[in-house]
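Using the sequences provided together with the hints, build the complete structure.
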Amino acid sequence: MFNDKSILVTGGTGSFGKKFIKTVLERYKPRRVIVFSRDELKQFEMQQVFNTPAMRYFLGDVRDGQRLKQAMRGVDYVVHAAALKQVPAAEYNPMECIKTNIHGAENVINAALENNVEKVIALSTDKAANPINLYGATKLVSDKLFVAGNNIAGGHKTRFSVVRYGNVVGSRGSVVPFFRKLIDEGAKDLPVTDARMTRFWITLQDGVDLVLKSFSRMHGGEIYVPKIPSSRITDLATAMAPDLPVRIIGIRPGEKLHEVMCPGDNAHQTLEFSDHYVICPAITFTVQCDFRINALGETGKPVPEGFEYSSGSNPHFLTAEELRNMACIVES
Numbered sequence: 001m002f003n004d005k006s007i008l009v010t011g012g013t014g015s016f017g018k019k020f021i022k023t024v025l026e027r028y029k030p031r032r033v034i035v036f037s038r039d040e041l042k043q044f045e046m047q048q049v050f051n052t053p054a055m056r057y058f059l060g061d062v063r064d065g066q067r068l069k070q071a072m073r074g075v076d077y078v079v080h081a082a083a084l085k086q087v088p089a090a091e092y093n094p095m096e097c098i099k100t101n102i103h104g105a106e107n108v109i110n111a112a113l114e115n116n117v118e119k120v121i122a123l124s125t126d127k128a129a130n131p132i133n134l135y136g137a138t139k140l141v142s143d144k145l146f147v148a149g150n151n152i153a154g155g156h157k158t159r160f161s162v163v164r165y166g167n168v169v170g171s172r173g174s175v176v177p178f179f180r181k182l183i184d185e186g187a188k189d190l191p192v193t194d195a196r197m198t199r200f201w202i203t204l205q206d207g208v209d210l211v212l213k214s215f216s217r218m219h220g221g222e223i224y225v226p227k228i229p230s231s232r233i234t235d236l237a238t239a240m241a242p243d244l245p246v247r248i249i250g251i252r253p254g255e256k257l258h259e260v261m262c263p264g265d266n267a268h269q270t271l272e273f274s275d276h277y278v279i280c281p282a283i284t285f286t287v288q289c290d291f292r293i294n295a296l297g298e299t300g301k302p303v304p305e306g307f308e309y310s311s312g313s314n315p316h317f318l319t320a321e322e323l324r325n326m327a328c329i330v331e332s
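Counting in the numbering used here, the sequence shown runs from 1 upward without gaps.
Simulated from the structure, these hints should not be mistaken for lab results.
Some hints here could point you the wrong way.
[What the hints assert, rightly or not] Quick list of the computed label-pair ranges, beta carbon to beta carbon:
(1) A89 to D290: 40 to 48 Å
(2) E106 to F285: 16 to 24 Å
(3) E322 to K99: 38 to 46 Å
(4) P315 to N3: 35 to 43 Å
(5) P302 to K188: 45 to 53 Å
(6) C328 to H258: 23 to 31 Å
[Stated by the list, open to error] Quick list of in silico lysine to any residue cross-link-like pairs, SDA-like style, CA-CA up to 20 Å:
(7) K22 to K213
(8) K213 to R292
(9) K69 to L59
(10) K144 to P281
(11) K227 to V208
(12) K144 to I98
(13) K69 to I102
Beta carbons are placed, not taken as given, at the ideal position from N, Cα and C, and that holds for glycine.
Next up, the structure:
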């Protein structure tokens with residue numbers, strides 16, 4: 001569906017953006033692929049790797065609505081990956097996080113509508129479900145904005161959906177490269193915030209594949225949640241360094257023991273498909289559709305009352321061997 005199409009990725013120089021663009025260029029023949037981001041050095045470095053005639057590089061910030069409108073001219077599909085994501089940094093710099101994650105989301109929506117973009121997918125996070133930190137709260141607002149964007153589209157063809165997943169193995173900020181760095185430097189132990197802590201895990205390629213498939217599946221208004229494994233952070237530390245003890249350092253500001261991707265309060269809106277869940281919109285759209293059957297003809301079924309998809313109660317926990325294999329995956 002991306003052959004001869006124009007695609008724009010906000011935050012395109014990040015881990016997701018680079019893997020997404022690499023995958024699109026390998027699998028399709030797009031007319032244009034636009035990297036939209038703030039960092040000129042990262043764009044310069046990326047140009048040395050992705051230099052096909054289809055590539056375009058736009059300096060800009062999602063806080064700048066006018067620049068986004070310029071960048072989206074003639075664009076068919078948008079992936080919104082730009083965000084401020086560090087939980088402690090957001091706690092200490094709340095207004096900066098709000099400007100990027102909330103006002104930036106609004107700017108993306110308005111720019112897409114003005115340019116009659118066909119489809120937009122925004123990346124979310126497990127921290128947006130029942131948020132307790134500012135980062136998660138801003139991403140929850142962002143999710144709500146993108147879902148509601150379908151209702152304000154009016155006569156525009158633009159449709160918006162959201163993809164929500166957990167920690168990305170080996171990406172910037174992930175605990176996997178952090179643990180490996182400590183191990184390589186000869187650390188005497190590995191710091192873990194709480195022995196009970198669990199997290200969802202997904203590879204960067206699986207995250208990209210989920211977004212690509214969601215473009216084909218979407219009606220507009222869905223929040224897509226993949227079925228992915230969990231692990232205890234202590235188990236991950238032990239798998240990576242069996243001979244090193246774990247040192248408990250306490251939960252950081254804004255951290256949870258377990259992450260949730262489908263809250264129990266949304267169970268009445270949640271559908272289960274073979275490899276993912278869909279949280280349907282709480283609001284009624286002007287254009288009606290049956291979310292139980294997606295655009296690919298896949299059929300979902302309602303989840304049981306009170307269902308919650310949590311990293312702590314997930315039926316799929318990674319084994320020690322799976323954790324060791326996972327720890328070998330490092331994304332640049």
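Which numbered hints turn out to be false for this structure?
Every hint satisfied by this model.
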